[in-house]
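A.B. asks: Place chain Y on chain G using the hints.
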Amino acid sequence: MSTLTDELTDVESSALAELERISDRDALEEWRVTWQGRRQGRLPKLLEQLPTLPIEDRREAGQLANRVRTALENAYEERRAVLEHASVSQRLSAEAIDVTLPGRRVPAGGLHPTTQTLREIIDAFKPMGFTVVEGPEVEWDYYNFEALNIPADHPARDQWDTLWLDIEDDDGKRPLLLRTHTSPMQVRIMEAQEPPIRVLVPGRVFRHEATDASHESVFFQVEGLAIDRGITFADLKGTLYAFARRMFGPDRRVRFRCDFFPFVEPGVDMAIDCFACKGNGCRVCSQSGWLEIMGAGMVHPKILQRVGYDPDEYTGFAFGMGPERIAMLRHGIDDIRHFYANDLNFLEQF
Amino acid sequence: MRVSLKWLREYVDFDLTPEELAHRLTMAGLEVGSIERVGGDWDNVLVGHIERLGPHPNADRLKLATVNTGSEELEVICGAPNVEGGQNIVLARVGATLTNPQTGSRETLKSARIRGVVSEGMICSERELGLGDDHEGILVLPGDAVPGMPLEDYLGDVILDVEVTANRPDWLSMLGVAWEVGALTGNPVRVPSLEYAEDGDSITTKDLVDLRAPEFAPRYTSALITGATVGPAPGWMQMRLKAAGVRPISNVVDITNYVMLEIGQPLHAFDRDRIAGGKLIVRRATPDEPLETLDGRQHVLSTEDLVIADENGPVGLGGIMGGENSEVSDSTTDIILESASFGFASTRRTVQRRRIEVGGKRGTEASQRFERNLPITLPPIGLRRAAKMLVELCGGTAAKGIADDWPDRQEPAVVTLTSERMTQVMGSDPGREVSERTLRSLGFEVTATDRADGEYTIDATVPYWRTDIGIADDLIEEVARIVGYDAIPVTLLPTTGEPDLPEPLTQMKDDVRDVLVQLGHRETISYPLVPMDLLQTTIPGDAPQDPLRVWNRMSPDQEYLRTTLRGSLLRTLANNERGISRESYRLFEIGQAYLPHGPRHQPEERTYVCGVMAGMRANRSWIGGSDTASDELDFFDAKGLVETLLETLGVRARYEAADDRILAHGRSAHILPETGGRPFGTIGEVHPDTLAALDIRAPRVVLYEVDLGAALQNRREVERTWQSVSRYPGVLRELSLLVDEGAPAGAVGDIIRDFPSVVRSALVDVYQGPQVPDGKKSLAFSLVWQSPTRTLTDTEVDVAETQLLDKLQREAGATLRSQA
Numbered sequence: 001m002s003t004l005t006d007e008l009t010d011v012e013s014s015a016l017a018e019l020e021r022i023s024d025r026d027a028l029e030e031w032r033v034t035w036q037g038r039r040q041g042r043l044p045k046l047l048e049q050l051p052t053l054p055i056e057d058r059r060e061a062g063q064l065a066n067r068v069r070t071a072l073e074n075a076y077e078e079r080r081a082v083l084e085h086a087s088v089s090q091r092l093s094a095e096a097i098d099v100t101l102p103g104r105r106v107p108a109g110g111l112h113p114t115t116q117t118l119r120e121i122i123d124a125f126k127p128m129g130f131t132v133v134e135g136p137e138v139e140w141d142y143y144n145f146e147a148l149n150i151p152a153d154h155p156a157r158d159q160w161d162t163l164w165l166d167i168e169d170d171d172g173k174r175p176l177l178l179r180t181h182t183s184p185m186q187v188r189i190m191e192a193q194e195p196p197i198r199v200l201v202p203g204r205v206f207r208h209e210a211t212d213a214s215h216e217s218v219f220f221q222v223e224g225l226a227i228d229r230g231i232t233f234a235d236l237k238g239t240l241y242a243f244a245r246r247m248f249g250p251d252r253r254v255r256f257r258c259d260f261f262p263f264v265e266p267g268v269d270m271a272i273d274c275f276a277c278k279g280n281g282c283r284v285c286s287q288s289g290w291l292e293i294m295g296a297g298m299v300h301p302k303i304l305q306r307v308g309y310d311p312d313e314y315t316g317f318a319f320g321m322g323p324e325r326i327a328m329l330r331h332g333i334d335d336i337r338h339f340y341a342n343d344l345n346f347l348e349q350f
Numbered sequence: 001m002r003v004s005l006k007w008l009r010e011y012v013d014f015d016l017t018p019e020e021l022a023h024r025l026t027m028a029g030l031e032v033g034s035i036e037r038v039g040g041d042w043d044n045v046l047v048g049h050i051e052r053l054g055p056h057p058n059a060d061r062l063k064l065a066t067v068n069t070g071s072e073e074l075e076v077i078c079g080a081p082n083v084e085g086g087q088n089i090v091l092a093r094v095g096a097t098l099t100n101p102q103t104g105s106r107e108t109l110k111s112a113r114i115r116g117v118v119s120e121g122m123i124c125s126e127r128e129l130g131l132g133d134d135h136e137g138i139l140v141l142p143g144d145a146v147p148g149m150p151l152e153d154y155l156g157d158v159i160l161d162v163e164v165t166a167n168r169p170d171w172l173s174m175l176g177v178a179w180e181v182g183a184l185t186g187n188p189v190r191v192p193s194l195e196y197a198e199d200g201d202s203i204t205t206k207d208l209v210d211l212r213a214p215e216f217a218p219r220y221t222s223a224l225i226t227g228a229t230v231g232p233a234p235g236w237m238q239m240r241l242k243a244a245g246v247r248p249i250s251n252v253v254d255i256t257n258y259v260m261l262e263i264g265q266p267l268h269a270f271d272r273d274r275i276a277g278g279k280l281i282v283r284r285a286t287p288d289e290p291l292e293t294l295d296g297r298q299h300v301l302s303t304e305d306l307v308i309a310d311e312n313g314p315v316g317l318g319g320i321m322g323g324e325n326s327e328v329s330d331s332t333t334d335i336i337l338e339s340a341s342f343g344f345a346s347t348r349r350t351v352q353r354r355r356i357e358v359g360g361k362r363g364t365e366a367s368q369r370f371e372r373n374l375p376i377t378l379p380p381i382g383l384r385r386a387a388k389m390l391v392e393l394c395g396g397t398a399a400k401g402i403a404d405d406w407p408d409r410q411e412p413a414v415v416t417l418t419s420e421r422m423t424q425v426m427g428s429d430p431g432r433e434v435s436e437r438t439l440r441s442l443g444f445e446v447t448a449t450d451r452a453d454g455e456y457t458i459d460a461t462v463p464y465w466r467t468d469i470g471i472a473d474d475l476i477e478e479v480a481r482i483v484g485y486d487a488i489p490v491t492l493l494p495t496t497g498e499p500d501l502p503e504p505l506t507q508m509k510d511d512v513r514d515v516l517v518q519l520g521h522r523e524t525i526s527y528p529l530v531p532m533d534l535l536q537t538t539i540p541g542d543a544p545q546d547p548l549r550v551w552n553r554m555s556p557d558q559e560y561l562r563t564t565l566r567g568s569l570l571r572t573l574a575n576n577e578r579g580i581s582r583e584s585y586r587l588f589e590i591g592q593a594y595l596p597h598g599p600r601h602q603p604e605e606r607t608y609v610c611g612v613m614a615g616m617r618a619n620r621s622w623i624g625g626s627d628t629a630s631d632e633l634d635f636f637d638a639k640g641l642v643e644t645l646l647e648t649l650g651v652r653a654r655y656e657a658a659d660d661r662i663l664a665h666g667r668s669a670h671i672l673p674e675t676g677g678r679p680f681g682t683i684g685e686v687h688p689d690t691l692a693a694l695d696i697r698a699p700r701v702v703l704y705e706v707d708l709g710a711a712l713q714n715r716r717e718v719e720r721t722w723q724s725v726s727r728y729p730g731v732l733r734e735l736s737l738l739v740d741e742g743a744p745a746g747a748v749g750d751i752i753r754d755f756p757s758v759v760r761s762a763l764v765d766v767y768q769g770p771q772v773p774d775g776k777k778s779l780a781f782s783l784v785w786q787s788p789t790r791t792l793t794d795t796e797v798d799v800a801e802t803q804l805l806d807k808l809q810r811e812a813g814a815t816l817r818s819q820a
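Residue numbers (this note's numbering), protein chains in the order written: chain G, 1 to 350; chain Y, 1 to 820.
The following block holds chain G by itself, in its conformation from the complex:
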């Protein structure tokens, strides 16, 4: 019965050839029914003829039939997989987007540049054991001046033009003011606790001062105070060196020169080499090559005495700096008045 084997071979080649041309799932299903459909499929129909063959031909034809059936099934599965894949990929192509379009943004917030700088300063001192303490902005004349060796009518008061509250005491004096520096907290802290002390005092301060590009009437300071047995000027230098390196980079050079503040002795002005010109002199550093960063010094023995510490037993140092100035130097801000004008066009740059 060579006709049956011929027909099987023919079915195989025709079916496979047709399958090659199929490109969608409906046609594939139609193909499956046409060739493999249980009742009407061309292959099952041929197979129905198998039992009619003579015994001697039946085995050979049976084997051929099996092979053709397996071949069609495999080819069908293969084709199905290919078509499946093609359809996913077609869908994805249809859904292609312009990836350069802007994304859905979540509104971004931000810290005020003063807060950011204060945090950096605090973080630079924290590893050296300094704790943050805050104090009142409305202060007594006593803490702001007298306790800091700046009595009434002292010429040094000119360094701190003061805003006074409109409250008179029984002597007709105005004892309350807006603190002109964070230094009053030195006295308050020492009054409240025994040594050792290592604190940082960030806070707002006020000056009776006309504003311009480098002067504000309201700004911030960070005060530092360390008191213990055996604290020396060399420790002050070491502490400020460490701060300068952490804050401004490991290559910074630091300059300590003598300066006067009534509540320290000896007094210090600390500067770093200008990072804009590497100390050669430029507009940022007014050609000096140095940027003054803070005032400092050894706490005056009279102040230690005033708070009840024995100045022969305890020594210590204090320092103070302005975060705005540091932020201005680092970010190239040319006008301090930007800080508290709260223009979002300024704030959003930080």
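If you're looking for bench data, these hints aren't it; they were derived computationally from the structure.
Quick caveat, the model's predicted, so the values are computed rather than measured.
For glycine and all other residues, C-beta sits at the position ideal for the given N, C-alpha and C.
Possibly wrong hints are sitting among the right ones.
[To be verified] Straight-line Cα separation of at most 25 Å, SDA-like style, residue types lysine to any residue; simulated pairs:
(1) G:Lys302 <-> Y:Glu420
(2) G:Lys126 <-> Y:Gln518
(3) G:Lys173 <-> Y:Arg353
(4) Y:Lys361 <-> G:Asp153
[What the hints assert, rightly or not] Partial selection, computed: residues in chain Y whose CB lies under 8 Å from chain G:
(5) Ser428
(6) Thr721
(7) Gln723
C.D. replies: Chain Y only, in chain G's frame:
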């Protein structure tokens, strides 16, 4: 103070460049603000002598000068009104670069033909040389200028402008700066001579002065010079005064100024013939006593002002300014010279009270020095130095002796320094030799002792010009700053372990900042000083109405301490709306409100976080965004923010409808402790009237504020106990409830949230309309029932739900919607 290096060399030698000297001085505490070179650019500018002066042949107003330059004679045309034959002048030759007095720019001089005559140079004014502003006439040089000498050799100088700290009045004198240079270089200081011929009759203190107010003038010295001739001061003195920025007037006045600049002691010269009774009376002014000072101002004095007076009344304001009526004039011959100590406090107060100003600076050259507490030892030194000059330069005869009224005489202070203290303060000791030598070089008299224990002691007598040395640590600074702070070693503080935690409120402020920033909000910081109208617009009804006022405000815009942050935030919003407004604003500030606490107490400084939100919830974008009114940020955006914030901080709160003057009623809430008590915060949409008053364009602005100190009190225990997570499945149910339309949904939600076995619940729908009865609203909750120990059956959930519904009905009047 302007320090002429040429003048400085009279007292001390130094071979440092001006830059090196400036650096050394700055490091030692005398900061040099600028270095000014006088004459560095005077090429082809030299001293000339006008041999002859004739008219210009073709111009009436011009003259033709024959100028001797030492080696040749040049014909120069000059039109200056003050040019005269025989003058020493400054000649600029062709090629010199000068300042054009009209334009201020630098121009090179070319040979010029003026009206047919060639001018071979130009006779210069101060302005053309960059020496000053004077362009009225040519600069006439003193007789000692040698023709042909380059002007730079004669007038060239370097001026250091130094910034003197408040503790060092001695640095306001050439001699004080010279001592500093001497110490820094190791060179000796040449102290000016005080010796002069005292050829007149002897005087005693009683003859010249009656000191009646030693509390204001603790020492008063004076001298009498007779037969002096008033005229111009010698050229060298005028040049030095000009270099220091002082205008020469006459020899007598110039000498007082010169000595003030040289020694540091302000002086005053009175015309004795104009002093009624011939004797100075130093006293407090009588009430309302009038005085006209040299600047032409009329003062009405009080008993707190010190005057120098004669029999008829005040002739000067002590230590500050002389009077018009006793001024030295061209005809003066007899001079009473005053050199006194005036108290720094009284001087300062009178300057402030009388608003004394010269050239826009507070006070006078004299008062600025007295305010810094000049040494009481200084007056006789200044006096003798000036008397010497009056004798030698004005042809006067000095009376024998001086008047010196000093009721409360003091001895110079001796301060002791030990090497132990040096080491204790500085961490190291430069050694006795260095300490001793340094102090000596600064003018201290020093007795040093090497002790048996290897340490040393130094007794230092403070030099008369120093008022800032009182304790051992002052001497330590002297040694350290002259040796140089750079030479001091660097050590690190011993480690202490972890620093203490900051105060909880300090920590909370930082936490609040972090949460709000992470949620997309922008921190602002504004002035705590605000104008009254802003406070009136934004103070809630129940806040104190009398804010603290600044007595000496800078401007009305910064007059009151804010009692609320609301105005600051709303104003920041309004300011940012100008120009190109943004689609949304999310701003906050953490700061103090200042609540008055009576005249004897500091105000209470209450820390708030306050924020405003306005605009669209989502920005416009190509994807779409929000553009309908329902997409505007509203009450619930702020409430959600506050809920998230407080939850993160561990603060338990509940919310109640609030009535707040500046917020829209019906759309504002108080934040209260969960357990009841006073509100510690507010959330609300800002009242349209408030928005209008502040010129805010946004139609809807939500504001929130939280008193952080109070919030801290309501923080639940930080330790949170872990609850085991149930392994058994939960059952998801929905409940639709009906309540009265005015009933707060919060109470219903709380009952459900707190009911046993309800592990999660959320309000998913609020409905009011035709589908529910009038006067009612529907609240739909989704909730999850779950047991930690077993799987709940439907029946069990049904039973529990029934119990929950019972409770809701009892406590909140809520019924199941399907049963209604």
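A.B. asks: Hint by hint, say whether it matches the structure.
C.D. replies: Now the hints, each set against the structure:
1. G:Lys302 <-> Y:Glu420: Distance of about 19 Å is within 25 Å: holds.
2. G:Lys126 <-> Y:Gln518: holds (24 Å)
3. G:Lys173 <-> Y:Arg353: The given pair, whose Cα atoms are some 15 Å apart, holds under the 25 Å limit.
4. Y:Lys361 <-> G:Asp153: The hint holds at about 18 Å.
5. Ser428: holds (7 Å)
6. Thr721: Because about 30 Å separates Thr721 of chain Y from the closest Cβ in chain G, which is outside the 8 Å limit, the hint is violated.
7. Gln723: violated (31 Å)
Taken one by one, the earlier hints fail for this structure at numbers 6 and 7, listed in ascending order.
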